[in-house]
Amino acid sequence: MALDKNGIAQRIAKEVKDGYYVNLGIGIPTLVANFVRDDIEVEFQSENGILGMGPFPFEGEEDADLINAGKQTITALPGASFFDSATSFGMIRGKHVDLTILGAMEVAENGDIANWKIPGKMVKGMGGAMDLVASAENIIVAMMHTNKAGKSKLLKKCSLPLTGVGCVTTIVTNLAVLNVTEEGFKLIERAPGVSVEEIEKATEGKLIVEGEIPEMKL
Amino acid sequence: MIRKTVNNVQEALEGVEDSMTFMLGGFGLCGIPENAISELVKRNIKDITCISNNAGVDDFGLGLLLKKNQIKKMVSSYVGENAEFERQMLSGELEVELTPQGTLAAKCLAAQQGFPAIYTPAGYGTEVSLNKETRKFEDKMYVLEEAYKADFAFVKAWKGDEAGNLIFKGTARNFNPNMCGAAKVTVVEVEELVPAGELDPNQIHIPGIFVQRIFQGKDYEKRIEQRTVRPKK
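Here the protein sequences come in this chain order: A and B. Residues in the first sequence are numbered from 1 upward in steps of one, following our numbering. Residues in the second sequence are numbered from 1 upward in steps of one, following our numbering.
Don't read these hints as lab results, they were simulated from the structure. Treat the hints with caution; some may be incorrect.
Taking lysine-lysine and the PhoX-like style, the derived pairs with C-alpha atoms no more than 25 Å apart in a straight line are [as the list claims (entries may be wrong)]: (1) K124/A x K72/B; (2) K124/A x K14/A; (3) K124/A x K222/B; (4) K124/A x K159/B; (5) K95/A x K73/B; (6) K95/A x K201/A.
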């Protein structure tokens, strides 16, 4: 069965390693924090200016001066720090953040990503996404394999305006885990009960299937 | 001690005119210069160019200036929370320059620190880098982005002293320190203005040299955009 959003987040959480500084985007990526093993040390960065981001505050303890990049009220864990926007993006640009997890509308087989604009329809802006994808070396995209109309989001070439070029390394969808290689999307794992054929059908870009493809372990 | 205090927001905004370019601190509604925005609305300053990460919401923050059509151009990274903004942009009433968030911060910082421009990898190969100079450093491509030029920077800090030294709180810090000294005149409003000597010099985030005017702000609403909580056990 294909994964739901929490399932995708749960699978991605396995990529979060001890000692990592991690930037989580809005949407499915935010859910990843709920599934990270509690026997490892990880610090979450939010690009508006906090390292060591904690869970939502208890009711009545919200602080207007303490929010995440999604403008939600949050808390700061012991060891947290606050900083200005230039310093925050200095951490990102300077490759001090180990892992970036973000959503996408489209990913191309060469690692191009589009997630900020639908011309004529939706123009909200790129926020920090262009900075993140241009600098991070370890980028996981969390998304559904197809859009609401059933069309593949893993394409030969992005049709929407790009956020970054050739930058995505790993994609985790409701159907599969894939790596972006020089030859195309390499299938690494299948979601429980999902066949290679189903994944092939849902992937427009070049899919590389080598040998037996294992099922994800969540 | 060089004194930077002015009595109120009216004095702080002396010299503000139509068609000027303003930098405004804040991320979403967090750490925005509420008093300066109210005064700009009250004076009905027109044809403004605003450099600000976001554009407020329909009835608060920069949304108040948008509603009265006072803004000619917005320079921002994310404008998603404002329906009036979207309407004005799609109808062509409002000019919009969308800039990656880190680039926006870097262009403010460059202006503060005397760099005419910076190279950043953000936006390379996208429409953001169209008609901009690009250059390769060690096999990676970068885009040349010029420092901003602004007439006023409106900044919100938590505490400040008479010398203009500033301390920010939590994530209300965001773009505020980067905009200090990045415009011809930097105007700071604070929740708590204290006499010189009261703030520990070791704890100052921005030294007063980057500030021209500081005043005690009032009536802060500090609105929360997305109130998210967990139940008490």
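**OP:** Please flag the earlier hints that this structure goes against, numbers listed from lowest up.
**Re:** 2, 4, 5 and 6
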